[in-house]
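Peer 1: Letter by letter, the sequence shown follows residues -26 to -1, 1 to 529 in mature numbering (1 follows the signal peptide of the UniProt record, and there is no 0).
Honestly, the hints are just simulated from the structure, not real lab data. Glycine residues also receive a C-beta, built at the ideal position from the N, C-alpha and C atoms. Fair warning: there could be bad hints in the mix.
To be verified - Each computed EDC-like pair below joins lysine to aspartate or glutamate, with the alpha-carbon atoms no more than 16 Å apart:
id: 1; residue 1: Lys270; residue 2: Glu230
id: 2; residue 1: Lys221; residue 2: Asp178
id: 3; residue 1: Lys53; residue 2: Asp66
id: 4; residue 1: Lys221; residue 2: Asp203
id: 5; residue 1: Lys125; residue 2: Asp75
id: 6; residue 1: Lys169; residue 2: Asp187
id: 7; residue 1: Lys64; residue 2: Asp111
id: 8; residue 1: Lys11; residue 2: Glu419
id: 9; residue 1: Lys299; residue 2: Glu261
id: 10; residue 1: Lys270; residue 2: Asp233
id: 11; residue 1: Lys11; residue 2: Glu407
id: 12; residue 1: Lys443; residue 2: Glu522
Said to hold, decoys possible - Computed beta-carbon distance windows for the label pairs:
id: 13; residue 1: Gln438; residue 2: Val62; range: 51 to 59 Å
id: 14; residue 1: Pro232; residue 2: Leu44; range: 41 to 49 Å
id: 15; residue 1: Pro229; residue 2: Pro448; range: 47 to 55 Å
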Amino acid sequence: MGRNLILTIAIGQLVCLITSPPSCRRNTFAAAAGGGKWDLLLPNVGIAAMHMQLLHNDKVVILDRTDFGLSNISLPAGKCRRDVNDLVVKVDCTAHSVEYDVADNSVRPLMVQTDVWCSSAAVMPDGTLVQTGGWNDGDHVVRVFTPCNDKKCDWVEYPGALLRWRWYATNHILPDGRQIIIGGREQFNYEFHPKIPGGDLLYDLPFLADTNDPGVENNLYPFVFLNVDGHLFIFANNRAILFDYVKRVVVRLYPEMPDGQPRCYPSTGSAVLLPLKNLGGPVLEAEVLVCGGAPKGAFPASERGNFMGALNNCGRMTITDPDPKWAMENMPFPRLMGNMITLPNGQILIINGAARGSAGYNDARNPVLRPVIYHPENPIGARFEVENPSGIPRMYHSSAILLRDGRVLVGGSNPHPNYVFEDVLFPTELRLEAYSPPYLDPTSEELRPHITFPGLYSKIGYGQEITVKFTVGPGFDGNSVTVTMVAPSFSTHSFSQHQRLLVLGGGDVKPGPGINTYQISVATPGSGNLAPAGYYMLFVVHQGIPSEGIWVNIQ
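Given these sequences and hints, build the entire structure.
Peer 2: Written as structure tokens, this is what we have:
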């Protein structure tokens, strides 16, 4: 496996030297020279990380499909998965889900019984991970994982809990604490979990049918964000709506992306809700950023062995504007299947993916090894910063999530059927990496804050004023301090479901009682429309450098 990977990377570097395609060139309009650091955490976590979710005990649940044959990690002695519906192995004593312990840098096998291939999930307000759908005998299943610290927790499954099969759907936590489950293959509708007895049914969403490209779709894993007014921004293919899921009506039709190109699976760009600011102010704006993907026709072309170039642009729109319009800008290089991660300082990391082809098995080429960081506050032309490359291609079925210490956990890549480690262009990838953004460079350590109050797992309410105390070294600038809250997201297929960052409003920084100690009073979000109840990572950011986060629970 190692020799094949090195050969693949070497060939890619040789192609760059000879042809200098756009995917190999540095961005001449970058904000600044980048950096960042890559660390190999584990050489083998046992499964390919198709899905990842950080939990509030700093453990990460990782899942892969169950019907690819045996994985590389065994279940505990005496445990085996017995599934008469499995198309490959009827009795399987290997795991297809693991729990990664960030502190111990170790993995523990978990027992998932039904197939979670291309499923979806969200963390409920109490911190429980609720995972929905999949393939084969998993398509109507709800699975529940309750975090624990004694290594005894495992998946509990509820077959038939969904009204329709959910394969490539998107989930989002709502202000009332439920999660909405939207779309999926051949599903132009949505439903809720948990169900209100006698009240919740299946509801049509014609927008998903309208954005369905026959034979290709391009509307799977739609990009869904909770807007500040409580409605849902839903983007599928190349169009978007603002949807009132309570009254079941479309509140607004947004303009089509100017280039008309699809962005959702299998074209597979990515999207984020940009940081929400001015939470207590008279005007609250929300902006969405959609980047990359593959052009029309890329999926059928890649199935024929013709790998079209990925899209190299982003569209940005203020979705709360009375007359919203997309503003387009170019990335340093084209990218599809890239993950977009909101960092604690409000910057956006774009990582993983390929420069040619489409999402799908064996359907992409030219891995993009360099992440970029997008600076939302900079002017167009100075927003992208190209970072140091990884040595591991992260192609189809790779994922990435933010950790509480500010690193980004990166795993997965299984761009072909089954677990294959030799004689393929991109072997099944079981290695787990961490990318440390430039703000974690040791030279910035004196500028990095350290939160001393409140404590870990503090409970906060809506519309409250809370005091955050912290220490920081010499070079402190009291005019460059913000406090942010980040929701942990479910990463799969290049989209982080339920991802959002809030910049908390506050007053001036005041000195504390000790040397290099300070405090700032900030206002928490005013309602569940801004921050649905649940666990968030809270950070103090000083001169763009975030502290290690603490978990808070807003109720």
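Peer 1: Against this structure, judge whether each hint is valid.
Peer 2: Right, here's what the structure says about each hint:
Restraint check for Lys270 and Glu230: the C-alpha separation of about 14 Å stays at or below 16 Å, so the hint holds. Among the hinted pairs, Lys221 with Asp178 is consistent with the structure: their alpha-carbon atoms are about 12 Å apart, no more than 16 Å. Restraint check: the Cα-Cα separation between Lys53 and Asp66 comes to about 9 Å, which is no more than 16 Å; the hinted pair holds. Taking the CA atoms of Lys221 and Asp203, the gap is about 14 Å. The hint holds against a cut of 16 Å.
With a C-alpha separation of about 10 Å, the suggested pairing of Lys125 with Asp75 holds against the 16 Å cut-off. For a cut-off of 16 Å, the pair hint linking Lys169 to Asp187 is broken: about 31 Å separates their Cα positions. Restraint check for Lys64 and Asp111: satisfied, since their Cα atoms lie roughly 13 Å apart, inside the 16 Å limit. Proposed proximity of Lys11 and Glu419 is supported: the alpha carbons are some 15 Å apart, at most 16 Å.
Annotation: proposed proximity of Lys299 to Glu261 holds, straight-line Cα distance about 11 Å (limit 16 Å). Between Lys270 and Asp233 the CA atoms are separated by roughly 11 Å; this keeps the pair inside 16 Å, and the hint holds. Restraint check: the Cα-Cα separation between Lys11 and Glu407 comes to about 10 Å, which is no more than 16 Å; the hinted pair holds. For the hint linking Lys443 to Glu522, the alpha-carbon distance of about 13 Å falls within 16 Å, and the restraint holds.
Take Gln438 and Val62: their Cβ atoms lie about 52 Å apart, and the range 51 to 59 Å holds. Range check, Pro232 to Leu44: about 47 Å between beta-carbon atoms, so the 41 to 49 Å window is met. Pro229 and Pro448 have their C-beta atoms about 50 Å apart, which keeps the hinted 47 to 55 Å range intact.
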